[in-house]
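Trainee: Take a look at the letters that make up each chain.
2 protein chains.
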Amino acid sequence: MNTPPVPRKKKSQGLARYVPALGWLRTYSGETATNDLIAAVIVTIMLIPQSLAYALLAGLPPEAGLYASIVPIMLYSVFGTSRALAVGPVAVVSLMTAAAINNVTATMDVGYAAAALTLAGLSGAILVVMGLLRMGFVANFLSHPVISGFITASGLLIAASQLSHILGISAEGHTLVELLLSLATHLTDANPVTIAIGVTATAFLFWVRSGLKPLLLRLGLPKRGADFATKAGPVLAVVVTALLVWGLRLDEGGVRIVGAVPQSLPPFTMPDLSTDLIAALFMPALLISIIGFVESISVAQTLAAKKRQRIDPDQELIGLGAANLGASLTGGFPVTGGFSRSVVNFDAGAETPAAGAFTAVGLAIAAMFLTPLIYFLPKATLAATIIVAVLSLVDFTTLRNSWTYSKRDFGAVAATMLLTLLLGVEIGVTAGVLLSILLFLYDTARPHVAEVGLVRGTEHFRNIHRHRVLTDPSILSLRIDQSLYFANARFLEDYIYDRVIDDKALKHVVLMCSAVNEIDLSALETLEAINERLKEMGITLSLSEVKGPVMDRLERDDFLQHLTGAVFLSQFDAFETLASEVPGLSEGETGKTLTRAARFAGA
Amino acid sequence: MNTPPVPRKKKSQGLARYVPALGWLRTYSGETATNDLIAAVIVTIMLIPQSLAYALLAGLPPEAGLYASIVPIMLYSVFGTSRALAVGPVAVVSLMTAAAINNVTATMDVGYAAAALTLAGLSGAILVVMGLLRMGFVANFLSHPVISGFITASGLLIAASQLSHILGISAEGHTLVELLLSLATHLTDANPVTIAIGVTATAFLFWVRSGLKPLLLRLGLPKRGADFATKAGPVLAVVVTALLVWGLRLDEGGVRIVGAVPQSLPPFTMPDLSTDLIAALFMPALLISIIGFVESISVAQTLAAKKRQRIDPDQELIGLGAANLGASLTGGFPVTGGFSRSVVNFDAGAETPAAGAFTAVGLAIAAMFLTPLIYFLPKATLAATIIVAVLSLVDFTTLRNSWTYSKRDFGAVAATMLLTLLLGVEIGVTAGVLLSILLFLYDTARPHVAEVGLVRGTEHFRNIHRHRVLTDPSILSLRIDQSLYFANARFLEDYIYDRVIDDKALKHVVLMCSAVNEIDLSALETLEAINERLKEMGITLSLSEVKGPVMDRLERDDFLQHLTGAVFLSQFDAFETLASEVPGLSEGETGKTLTRAARFAGA
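Order-wise, the sequence lines are chains X and B.
Residue numbers for the first sequence follow the UniProt record's numbering, beginning at 1 and rising by one.
Residue numbers for the second sequence follow the UniProt record's numbering, beginning at 1 and rising by one.
Don't read these hints as lab results, they were simulated from the structure.
Heads up, a few of these hints could be off.
Said to hold, decoys possible - Taking lysine-lysine pairs in the DSSO-like style, the calculated list, with each CA pair at most 27 Å apart, reads:
| id | chain 1 | residue 1 | chain 2 | residue 2 |
| --- | --- | --- | --- | --- |
| 1 | X | Lys-535 | B | Lys-504 |
| 2 | B | Lys-535 | X | Lys-306 |
| 3 | X | Lys-307 | X | Lys-407 |
| 4 | B | Lys-504 | X | Lys-307 |
| 5 | B | Lys-535 | X | Lys-507 |
| 6 | X | Lys-307 | B | Lys-535 |
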């Protein structure tokens, strides 16, 4: 069953390239609008409690969460390339925001909310600049395992940080240890009523996620209705607990509530651009930008793939950058494309970024008219929505998979998780990225070199230790399984010297370069040295299966003139040509091969 | 003409492994002793002015140069693995020492000489620890071009820094600009007599290097004698200029002289180990250790190769570390294996590290009895010896070679040179190393992928754009010329999607993995995604020529069960098997190939 192929990405020109909206608006129909509108309603209902909650997580007043979800989402719908991505405050970025701002407010005389604006502005500027420099590829340097490990660890940190609200106590800290200690010390001031509300709300929300939908379907509700009810679950929790607090005046009993939230559209705000604040926030902003971008782009690409759509990473940088600049000018804080909200948006049938714009309108209405209703909303309820949301991010399968598949990946993931939990998000993710790159470099520095022989009846050469192959005592065929560059040139040199030393029969060394994609200047010098040394030992050096690009470059140097052997099109040519100089191959060879193979396997 | 092969390096056990001296002492004969002794005499004569000069370059009193050449060389002869390496103060490291110490003495209340001891101690500790951790491989991460560029730039910096002594003025600075400005501003205080001495000495020493030896040989002097005279040249300059100053009391005419130098063996000194001094000097010490190690190991390996000897990089770290610890305890400063002195030692016939020990004795005698003789030695003469020595390090050929061979290498070299000259040695070399690594990463992130076809009459597959090959419209054969890992997985995914989109005839995609040495977890997830997507498009995905180690790992995952195609031993097998499903190949194919090739070449 052939499904329609992916539409080829056409590079749009001029303005349209930087304003993708101009593309989809041209074909915008009434039907599409209806679908977008329906999706928007569902997402809005889901976002109201969520954005309040993430503001709480970021350490900001609840309205900041609403503001951060209005203008940014509109700007993204103009500049972004994803059809379904929903931009706004997300868990991990909110946590990183809290960590970054607490650091600066601790040492500098600057307002918390003001620092949040500067952080969003910086992050927006960084993203736009990266986009204009077409640096979308940097996302590739964060390995999947490292990211998933980081998200999982952050999820645990976030859940731990929300426990204090569930218990009705105040706990501080940016590492698991700090948080748990702080919780333990304040445990005595725990408020029973708050606990009752918090635990019930959490349990209820978990049940809504898992148990509600099947139940409703069994009761014969149409699927769409069931979906809607599930999305509305959090709102129900918000309403019920708010009414409870109001009816029984539980706030006088010590239950912490959201309190007065201004009724207004997002205000115009000017971020503090003092140089020392910018200097202090630059690195955190850079980290937040990259992490946010990677989280957002992976969500966008996953959803786009399902509809055979394509995402342009460079334009995404600009879209997210615009969103963050918008956030910094309208009382928000750093935002990015969120996983859960985007999936909801997608499932609800959003077809274009217009859905995002409609959502923004919905939230604007909420900001103007509904805020009085959340005066009595207990913070414990918001904490419950956060905990339920982030625990869905926690996923240890990567840890298990990487353990069975590759210890190197496992090491990177484990280190990222541990460091994130013990030393905080910034150190954790930085260490993870650096570690995965260093491990890769370390591997390329000791290339895999295989001694190969001819697979009987073919022209194909394989490792003499893994296959029953023909070899010739006068020829040493080495397949180099790595590009040759400064970090591994010396290794090859030593390998060859150690191998040829006591092999008296040897007349020719052939380097099979099928896996050599590059030979840099350092490696070239090394090859010249090897050629010289082998010459002194009466052994010729030849190359085979040298790739076009590599060959082009070698021809610019005089190495090929000094080469004692030749450059063969294929290893088979090399073998035929050189072997013909000595008594032809006999069955005996195979025996010899195997004994030699055995000897090496032993070594 | 077979020459004896390189003796295989045998891993010595226990104490002998960490004390190589135990090895060569066992077979130490009288004849060897004689050769070592002769070499020692020549090296000693050469080292007396050189070590005074490098102390001057490092900003320390002249005797520090002698002290740094006595105990360190003895310790290296016990712990080092090179037979000919001569350890002591060298130009580049002395320059880095001056830079590092000026930085700390500018901000902290610590003596210059005291800081030098701490720097040497730190560097020694770092080297020993690296040695015990068997981290000799780090030397590989400095590319040859970057190092040679750095050495050249340092040479220029050093020469510039010595001009002030030639002119008899005091100029400060650690970058070319600073130095030249400082020279310009003080030019008016230049001392004519000093200039006369300095210029003459410089000219004389250049002549000794180039013109003297041929002359003596023409005059019928035996080669060894001529060599000796050449080495003694600097000493002659020292003696003559010192006598001049003494005879004509030129010092009263403003010629700066070395002055009083204590007559004594190296004193026992305890480095200042205050934590903040250590903190301030750690990074410089790390840089000095690595640069010193790389310079030393490349000299040692070059010389060892000539005699079919082997160097153990890990043990070298311990040897150099011991030498630096020794320097910090006996009034010295950071040392390493020097190029010129080692070559002289080697040419003079040194056979074992004992030559080094004898040299140390010679210098100890000099320190005790000869220092009064250099009271009147003008600093200009020492400056002249430095200039002549370092200008031999200046070499722009790397710049030219890298330009023709690889723009990437050129970029790294040029950046290293410029930054070293303009921003100083520490920034220069750090930037060079990081840049060469980033450029390598950037390349591996966009792997070379070639569409391949069968070379007529062989089983060999080559790029359809470079060779006249057979292809089958239903088969897309892609040779991936790079290991697949997190940084390039996404690139491959996009490449394949873009390629298959509008190729209706396509039934099979075969990834030829002959160049794939690793598939990490991120890349595996990507392959699973590609397999899924192609499946939906009715196209199978197969792999060919998967390497043993890669295959072993793939088998630990369930990817191979989901794979829609097969894993073929060779690309030829894959082609035969899959092609047989459609009308066999006809001459027409070739035409088709070429048109397709043309289309792609155009794209």
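Trainee: Take the hints in turn and mark each one as holding or not.
Mentor: Okay, the hints, checked on the actual structure:
For a cut-off of 27 Å, the pair hint linking Lys-535/X to Lys-504/B is broken: about 54 Å separates their Cα positions. Annotation: proposed proximity of Lys-535/B to Lys-306/X holds, straight-line Cα distance about 14 Å (limit 27 Å). With a C-alpha separation of about 35 Å, the suggested pairing of Lys-307/X with Lys-407/X is violated against the 27 Å cut-off. For the suggested pair Lys-504/B and Lys-307/X, the alpha carbons sit about 20 Å apart, so the restraint of at most 27 Å is met.
Of the supplied pair hints, the one linking Lys-535/B and Lys-507/X is violated, its CA atoms being roughly 50 Å apart against a limit of 27 Å. About 15 Å separates the Cα atoms of Lys-307/X and Lys-535/B, which keeps this hinted pair within 27 Å; it holds.
Hint check: violations occur at hints 1, 3 and 5; the rest are consistent with the structure.
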